[in-house]
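Visitor: If you want the building blocks of each chain, they are given just below.
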Amino acid sequence: MAGLCSVFSVCLCLLGFSAAVFEDQVGKFDWRQQFVGKVQFALFDTHSQASKKLLVATEKNIFASLNSRTGDLFWRHVDKTGPDGHINTLMMHGQDAVVVVGNGRLLRSWETTVGGLNWETVLDTGSFQSAAYIGVQDVVRYVAVLKKSAISLHYLSSGHQKWVENLPESDTVQYQTVYSGGNGQVFVLGVVPNSHIVIVEYNIEDGEIMKQKSVAAPWLSSLQSSCVMVGSGVLLCADPTTKSLYTFPLQSADQTTMTPILLESLGVEVAAGFQPVLISTQPHPARPPLSEFFLQLGPDYHILLQLKDGLVSTLRDFNPSYLVAFATTGEKTVAAVMSPKNETVSSLYCTVINLYSADTGRRLLDTTIIYSMDPNGGKPAKLYIHTFLKKDDSVGYRVLVQTEDLVLTFLQQPGRVVWSREEALADVVTMEMVDLPLTGTQAELEGEFGKKADGLLPMVLKRLSSQFILLQAWMSHLWKLFYDARKPRSHVKNEVTFETLSRDEFNLQKMMVMVTASGKLFGIDSKSGTVLWKQYLENIQPNSVFKLMVQRTTAHFPHPPQCTLLVKDKVGLGSLYVFNPIFGKKSHISVPALPRPILQSLLLPLMDQDYSKVLLLIDDQYKVTAFPSTKNVLQQLQEMASSIFFYLVDSSQGRLSGFRLRKDLSTELIWEVVIPTEVQKIVGVKGKRANEHVHSQGRVMGDRSVLYKYLNPNLLAVVTESTDSHQERSFVGIFLIDGVTGRIVHEAVQRKARRPVHFVHSENWVVYVYWNTKSRRNEFSVLELFEGMELYNSTVFSSLDRPRPPQVLQQSYIFPSPISTLEATLTEKGITSRHLLVGLPSGAIVSLPKMFLDPRRPEVASDQSREENLIPYSPEMPIRTEWFINYNQTVSRVRGIYTAPSGLESTCLVVAYGLDIYQTRVYPSKQFDVLKDDYDYVLISSVLLGLFFATMISKRLAEVKLLNRAWR
Amino acid sequence: MAPLSSSFIAIVFVNIVGFYTQYGDCNNGRRVPETIESDLTGFSVPLEHSFEVDDVPRFWVRGNIQLKAGRENNVFLSQAMLSEKDRSVLKDVAAVDGLYRIRIPRVSLQADRQTDRQLEGYLTAFVRACSLVESHLSDVITLHTDVSGFVIGVSIVTMPGACRGAEVEDEVDLEVFNTTISVMAPVNAPAPETALFIERMEQEMDKKGKPQEQKSFFAKYWYLILGGAVFLMATSSAQPPAGGGREQS
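Taken in sequence, the protein lines are chains A and B. Here the first sequence stands for residues 1 to 968, where the numbers follow my numbering. Here the second sequence stands for residues 1001 to 1249, where the numbers follow my numbering.
If you're looking for bench data, these hints aren't it; they were derived computationally from the structure. It is possible that part of the hints are untrue.
Said to hold, decoys possible - Subject to a maximum C-alpha distance of 16 Å in a straight line, what follows is the list of computed EDC-like cross-link-like pairs (lysine to aspartate or glutamate):
(1) 663/A x 1193/B
(2) 663/A x 1054/B
(3) 926/A x 828/A
(4) 752/A x 1193/B
(5) 623/A x 692/A
(6) 52/A x 120/A
(7) 162/A x 205/A
(8) 162/A x 208/A
(9) 390/A x 359/A
(10) 774/A x 1193/B
(11) 28/A x 525/A
(12) 709/A x 692/A
(13) 162/A x 206/A
(14) 663/A x 1097/B
(15) 829/A x 929/A
Just so we're clear, the structure is a prediction, and the values are computed from it rather than from any experiment.
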């Protein structure tokens, strides 16, 4: 092994890679943002007044603590994805938070200040129903977990199980609620739908069943949706059909039926077809809940009620009101209600939140928070209240509002936004990077070259004026530099706004347009990570497919850049959303109606008169819709029709088919390849990126001959996986298919391989990663295609005229880590060598030189291979720590990596997204076109000046000498 | 899986058909089958073709592909000559830059699977009619199979592949197809070659390591041991007098 390493290190030293960042460069070119996702549970730490912790558990299986003053993360625990890591419930008591994870699989207790795990208990199997703290004599000692067929009690201090009991008749009764009023009993409530409620009372000490009774409730189907516990052990249920409330005291010995209370008797009416919702509060787990509760009667209608001596009375009517919440501080419980600002005009964009005393329903003075909604955002969906006692013993509060577009906003009186978080960014689906527009002066210069010449004198004048503008801009720049230099450094802020937004010298700063699964679009400045614009698209169905296309780049001043988002729902019905990627404004261009499901969309390099690229959409009847569909475009399409080909993939039938456009925008089927689904199914199809440039046509070999690359821009890499998952018979298939002619250029089978398969297709190579079932490891394989020693046709590539198949070389390597995602770097002209960016599940992103994935790596190094800089083959791929481009900034659950070229050939912009977003730059061939930071300008200029003067002086001396000699 | 099944992936193909200055040699060394006698153990599938001036495909039989079961790459094509009418149609199609299409039914090359189940549908491919005419009907047809022997695709190319607008004497050149037919099965992708690498490493180790391995422990480190011993002796002999001196004073 030592020998292996030494040979390897020698090779590496010869080549000398280095990609690491220096300590002082940390955060200079990169940034990371961490997210938590859609909040399911949020709790404020009310343990002490000075506490600024906010605990959240989210749908992304994350348990985190936020700083309620700044919105930053204190700590974050990322659990497994899927139902295994799903957080069922979150409860907090004192310093500790109890969490049930994975449908009742694990019970955990967390210490909330630092996020350390106190204890963890594995629970018995069974689907989780509910959990509750159990208190005895004002002290919370236990936590009870109710499963489908059993209840268990655990010590809060250690997590040890006190007792576990099977529930009686659990096959017919659905047990759903566990309740304890803090006086030594545990009540378990179950329901037989549309029949009766079962109440079982357990002894806290030994789990013995004390009492068991059933109460008829033929109208009830679920306890969780229609019942709550109110007051000292009273079960309160709402029945929408009879429009009444039912009460039943759990501890009553003689009562056997529920007492109905008609809602009409309270003078209220339930909105038609609305299931009334009851909201109650239990401020302390060891004490019974309050007797006040909310009843939601309609989407925007709540009333505050009180249950006293078996009678319900109305405390206050809130109509209209969007959201309500209870909160407790000290001994005081308040109710917060979000309602429209002006009660007569229910404008959604300006709402107010008021506090009301829970026990009387009286409005507390000076407790209004104005919440103005973002017109580009969604409606508020959840309300969380953080209350605290002020010095004068009155109640102060702050609110956390979660909206439909997953914005968490934290507000304080009288409506100041303390912080807000864009949690939609935890689920980025696709993104593009768009160049920023030119500044006014740059645009002026561009305009000068763009316009047609109109005489000599105007041209001269125009040139002079633009030069003058440039001079002016330079002077103001100098002045700004001088002005900023005088200020202390901390005061110089580089805030990014729309006004300062302009392209920098090397086009390193771009606009990141991100599309999230919730249907919210973001425009983010790539240099700082500031969200510059956001737009929430309503009515986006879950699991929609998004495709973002840049129809017009920033290069066509004065036409604004234009992006088009194609949204497809589950059925495939599509809609187009056209917007300006720099400012996020929706474009007023009329979009074509798409009545039929869209199968395929393709962006042609053809342009309309206003420089927007033509987008073709193919529907399920193989009819083509063009956007924009002006006369000019249709004419161009008619001319080009016979050379526009597209392909469709139907992975459910394993069918790949090719079509050609006809002049009347219909299509004809021209080829068909069918991969039988009984044997293998298609897992991915990838073409090449349209903006990819390849600088060199071939590779120079050791003997100075050239091996030409097979650069087919229409080549598709199709990866399949066997349906047989037996470890000996499973395989991964790689098909390289020409997308125009349907010709299978290469077909390979990787035996004993299985998913996860990731692959990258670029230039003349395909790299794929698979799981080797026999050796139980991840392996990389690289395919490279070459035309041979001579080119068939060096001037132009046509898929229709390439009769000879390419030579295919392939090699495989062991990769010592699993892989989440794979992408290749991309540069402006393709001169820089390529690197592969590998996202690992550990959160690291490795920049792996493509040089290591080269099928021409020889078994034994020869002079020729050394000449070519080929590394001798070794089966194992190293991972070197300096290849981690994100040093210690781990990117959790990285799902995709986006690469974009910058104006510098050496530099490639990288954005990794998943749960977090990380932006950085990579230099695959180092910064060969940039002077170093510590470049010695003084030395160079002084040497130059010195040489200049030396020549001047020596010239003068030589002249004198010549003159003297002539006189002699 | 979900995004794939519901959607289709898009790319853009704009194929620029330029003017070609050169074309490759058509003979790539493949076996050209001439006369074909039917084999009892094999079976045959029809090869159909279509070339129409209006570009609406109407397929009719061009020939029969004889497949011999079991043996790899054992395929022959028997086909008739083109009739005079067909030749003129083909020339007309070439003149309007139409397509020459071929198709074969979906079959399995494993004979025992033939009877099991008839797969539905056809596999189609095309070539520009003009290139077929200009190559004097010399084409290369390849049947691609998957691991289990199902034919998944067919491809046709002409040798040479370019359309240069050359005139063709129909009587002489457009009568007989000069076809090369072959079956391509997927190649096995290589796995990481650990065994060879370890062998090579061991050889290198042997070369380097042998002379040093022979030496014994003492032979290797005699100078260290000797030096240590001398040092120990020197310190042990030097200390007692010093200690003694202190005791005395």
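Visitor: For every hint, state whether the structure bears it out.
Guide: Hints versus structure:
no., hint, result
1, 663/A x 1193/B, "violated, 53 Å"
2, 663/A x 1054/B, "holds, 13 Å"
3, 926/A x 828/A, "holds, 15 Å"
4, 752/A x 1193/B, "holds, 15 Å"
5, 623/A x 692/A, "violated, 29 Å"
6, 52/A x 120/A, "violated, 26 Å"
7, 162/A x 205/A, "holds, 8 Å"
8, 162/A x 208/A, "holds, 12 Å"
9, 390/A x 359/A, "violated, 20 Å"
10, 774/A x 1193/B, "holds, 14 Å"
11, 28/A x 525/A, "holds, 15 Å"
12, 709/A x 692/A, "holds, 15 Å"
13, 162/A x 206/A, "holds, 8 Å"
14, 663/A x 1097/B, "holds, 14 Å"
15, 829/A x 929/A, "holds, 13 Å"
Checked against the numbered hints given earlier, this structure breaks hints 1, 5, 6, 9; the rest are met.
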